[in-house]
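K.L.:
Produce the entire structure from the sequences given, and follow the hints as far as they go.
What follows is the residue order along each chain.
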Amino acid sequence: MATLASSTAMPVEREPTDWSSTRMQRRIARRYAAERNFRFLGLAALGLAASFLVFLLFTIVRDGWTGFLNTEVRVAVTYEPAILGLDAGRIAATADPAARRAAFRQADFAGLMLAASEQLGDFDSVVSEGAWLALRDRLEADPALLGQTEQVWVPVRSTIDLLNKGKFDLEAPEISRGVSDRDIRAWQALEAQGKLRTGFNGIFLSTADSTVPELAGIWGAALGSLLTLLVTIAVSFPVGVGAAIWLEEFAPRNRWTDIIEVSINNLAAVPSIIFGLLGLAVFLNVFGMPRSAPLVGGLTLALMTLPVIVISTRVAIKSVPPSIRDAALGIGASPIQVVFQHVVPLALPGILTGTIIGIARALGETAPLLLIGMRAFVVDTPQGFTQPATVLPVQVFLWSDDVARGFIEKTSAAIMVLMMILIAMNSVAIYLRNKFERRW
Amino acid sequence: MSLTILFLAAFGLALVGFQIGRARGRTLVATSGIAAGTAARARIGAVHSRPNYHGSFVALLALAPALVVLLGWSFISEGVLTDSVLASVPAAERPETSLDRTSFMNEVRGLAAGEIDEPFDLATIPASRVYAATQTNYNMLAGAVAATLAALGGFWAYSRLTPQFRARNRVEVAVRWGLMLASLVAILTTLGIVLSLIFESLRFFQMVSPIEFLFGTRWSPQTAIRADQVGSSGAFGAVPLFWGTIFIGAIIAMLVAIPLGLMSAIYLTQYAKPSVRKVLKPILELLAGVPTVVYGFFAALTVAPRVRDFAVWLGMSDASSESALAAGVVMGVMIIPFVSSMADDALNAVPGSMRDGSLAMGATPSETVKRVLLPAALPGIVGGILLAVSRAIGETMIVVMAAGLAANLTINPFDSVTTVTTQIVALLTGDQEFDSPKTLSAFALGLVLFGITLVLNIYALAVVKKYREAYD
Chain A
-3 MATLASSTAM PVEREPTDWS STRMQRRIAR RYAAERNFRF LGLAALGLAA
47 SFLVFLLFTI VRDGWTGFLN TEVRVAVTYE PAILGLDAGR IAATADPAAR
97 RAAFRQADFA GLMLAASEQL GDFDSVVSEG AWLALRDRLE ADPALLGQTE
147 QVWVPVRSTI DLLNKGKFDL EAPEISRGVS DRDIRAWQAL EAQGKLRTGF
197 NGIFLSTADS TVPELAGIWG AALGSLLTLL VTIAVSFPVG VGAAIWLEEF
247 APRNRWTDII EVSINNLAAV PSIIFGLLGL AVFLNVFGMP RSAPLVGGLT
297 LALMTLPVIV ISTRVAIKSV PPSIRDAALG IGASPIQVVF QHVVPLALPG
347 ILTGTIIGIA RALGETAPLL LIGMRAFVVD TPQGFTQPAT VLPVQVFLWS
397 DDVARGFIEK TSAAIMVLMM ILIAMNSVAI YLRNKFERRW
Chain B
17 MSLTILFLAA FGLALVGFQI GRARGRTLVA TSGIAAGTAA RARIGAVHSR
67 PNYHGSFVAL LALAPALVVL LGWSFISEGV LTDSVLASVP AAERPETSLD
117 RTSFMNEVRG LAAGEIDEPF DLATIPASRV YAATQTNYNM LAGAVAATLA
167 ALGGFWAYSR LTPQFRARNR VEVAVRWGLM LASLVAILTT LGIVLSLIFE
217 SLRFFQMVSP IEFLFGTRWS PQTAIRADQV GSSGAFGAVP LFWGTIFIGA
267 IIAMLVAIPL GLMSAIYLTQ YAKPSVRKVL KPILELLAGV PTVVYGFFAA
317 LTVAPRVRDF AVWLGMSDAS SESALAAGVV MGVMIIPFVS SMADDALNAV
367 PGSMRDGSLA MGATPSETVK RVLLPAALPG IVGGILLAVS RAIGETMIVV
417 MAAGLAANLT INPFDSVTTV TTQIVALLTG DQEFDSPKTL SAFALGLVLF
467 GITLVLNIYA LAVVKKYREA YD
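Protein sequences, first through last, are from chains A and B. Quick note: the first sequence uses this note's numbering, first residue -3, plus one each step. Quick note: the second sequence uses this note's numbering, first residue 17, plus one each step.
Keep in mind the hints are simulated off the structure, nothing from the lab. For glycine and all other residues, C-beta sits at the position ideal for the given N, C-alpha and C. Be aware that one or more of the hints could be misleading.
Pairwise CB distance ranges, derived in the manner of DEER restraints [claimed, not checked]: (1) A:64 with B:117: 39 to 47 Å; (2) A:430 with B:426: 44 to 52 Å; (3) A:433 with B:331: 51 to 59 Å; (4) B:175 with A:251: 38 to 46 Å; (5) B:168 with A:64: 37 to 45 Å.
Below, computed lysine to any residue pairings styled on SDA-like, alpha-carbon distance capped at 20 Å [stated by the list, open to error]: (6) A:314 with B:192; (7) B:297 with A:35; (8) B:386 with A:265; (9) B:297 with A:425; (10) A:314 with A:434; (11) B:289 with A:37; (12) B:481 with A:258; (13) B:481 with A:265; (14) B:481 with B:470.
P.N.:
Written out as structure tokens, the structure is:
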């Protein structure tokens, strides 16, 4: 042993470590404990992040799922032509539905609702101020009802709706629970009489914004998002794919190409609100485009989405092997034909995945749209690309700012709609990637 | 006739041109073969281009001039219409300030489109008729010019179609130009951002000195709405904003995101089995996919009240409900996946031999991570963190919804602070006058934000790139 050690020119001669000694055993135990702790810390970090996500989703769903339900109260309505200010004979004689609808638009349904809700006695205040719309819809659907009496379910005020959903702590003193004794009594009495029912909230999914929570809906914002994204796709997809093809296949290696590449990479990291400033200064102030319009919002988001599409398209094009290009060139295709008939079709799954991810990001974007005025209060569903509109995330922002308590569940419900659309889009992207992506 | 219809009509004309050109191309193929009197094989070379290229050539020459005319018209039309409408209004009723003019024209447009029934300003009723009439006339004119040019271009193109004509080469040159123009959009966007920010900022700095803006400590732009108001000069010292931005985005958010993101990345790359990794990674990515407005809502409604309760429990009776802590923590959570994926890349870039060597020497995996992998990956991780900081300070919705508007210079995380992005949104929503320092200051803030994120990004990317090359 000793001769062996001296022959191998070791600077310090020392005894072999005795791993079975208690000191070493303790040291190993300590190191293993540190190892376990470290591993646990890693898992804990992941767990913390995941539990935050779960908590966030849980809070949203807990607050929001009732937004898809609403409470209605039953009232007996007599469609009295005198109150409505309609001539029953003339309405019956009008064969043209458009003319009849025009007459109904002039009629005093609000007065009719007021008269009908008086039968609720002390509790006439539970009816929503927009409930008359339900009466008008009924009569428009069936003009023969004019002069008849029927039982109609109409939406109640937001406070009663929330009471019915159990959103208030009734044990708390009146001042801090956010609902008056009078409303509670009205709710309890109507509930006891069986005049309340809870059902699917069709209003929420079919109307646009409103000042009162029970009449506010998501449809206007959803349509606004759709119009905006159509503009975004129409601009950013062809331009982005075109730019990527140019850079990847045709661009000469010179200073201009470098400048283009650098600016694309930088644009990808520019804060989104800067694009809002750009849209405001250029599209609105220089070009004089209309404020709050899906056209301007779409263009702004298109500029924001462009780098994402360019970068992912370049990756997809790069992954197509050169042998494909060489083969096509070899049998006489022109460079343009090689690209459009061979390279792009093969890269398409990757291009589409990147585009969908970019568009999904644009769908969730709020800040730049605030700057170009898409926070306008829009009660109508948007009519076109240049009419004022709002989009889903901005609607979420506007409602979250509203003091009316009923908007909390509307905000959460709107977030649920938004997240479901986003999850659907990302699922399509993942599906495309898994199904069509080829490894060469 | 609206512009949309005109554009659609132009594309329709181009489609017609395509059909005609393609039909011509097919005829050429059919006849040239017969004229040569040879078998079908010889026909292929007899006509240079395929019929589709003949069609595309005609379509392009019809579409291009029409599009140029229509695009040009659509850019200047609103200005021309506004001038002619305002000229038609009697001088006494003409709106004077630019703000009045805008609202006047909005009403005119609304009336003309039939959205408004009863205008606020009665002078808009005759003006709206002028608007509608002028718009129809000018649109007809623009449409006629575009259609004539399209027809001329199309006919000229058609007249050139012969068997020898190299339609494919012409079309391909046009396609190449199109692709190049598409890539120029990126430069134009960058240029647009830089120029608009600098131009508006210069106007701002003519009213407020840059020194005061960059080093002043009092920020209260809201008083500067009208010239005759008390305190109308406003105060534009942006230091509290810069501090708030750094406090929330670079300090509190990073205190949350760096440990959690780094440890997540270490666990995912070093410990997790592939099957576990497959589940956990998408969950992290989901965290990145949540829209920021949702985080903002969550921060304002769920996190902020708890933070406030906690502050009261600590003994701060006047705790603000809009605290830097709530916004910063939620922003940190939002950044976790970003830090994690950057760290993931950096750790994976460390050569496997270093890790294997360390493990073979008897180091435990955690010792390997702490003593070998992290030091080796440090430049990459730092670069990633810088990118995360740049993203955090540019983030808008969380701070708009949860951080408040009070420009405090404080290090108390339970206090309310405001950030650059919050102020930009606050300054630019609502009525705007484009000559008041209040509105223009938003562009100066935007310029600072753009500059800082740009420098951070360029530096961070350079660090990451250099480090990757060192191991490649």
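K.L.:
Each hint should be assessed against the structure and marked as holding or not.
P.N.:
Consistency of the hints with the structure:
no. : hint                         : result
1   : A:64 with B:117: 39 to 47 Å  : holds (45 Å)
2   : A:430 with B:426: 44 to 52 Å : holds (50 Å)
3   : A:433 with B:331: 51 to 59 Å : holds (58 Å)
4   : B:175 with A:251: 38 to 46 Å : holds (41 Å)
5   : B:168 with A:64: 37 to 45 Å  : violated (58 Å)
6   : A:314 with B:192             : holds (19 Å)
7   : B:297 with A:35              : holds (17 Å)
8   : B:386 with A:265             : violated (31 Å)
9   : B:297 with A:425             : holds (16 Å)
10  : A:314 with A:434             : holds (13 Å)
11  : B:289 with A:37              : holds (16 Å)
12  : B:481 with A:258             : holds (14 Å)
13  : B:481 with A:265             : holds (16 Å)
14  : B:481 with B:470             : holds (16 Å)
The earlier numbered hints that this structure contradicts are 5, 8.
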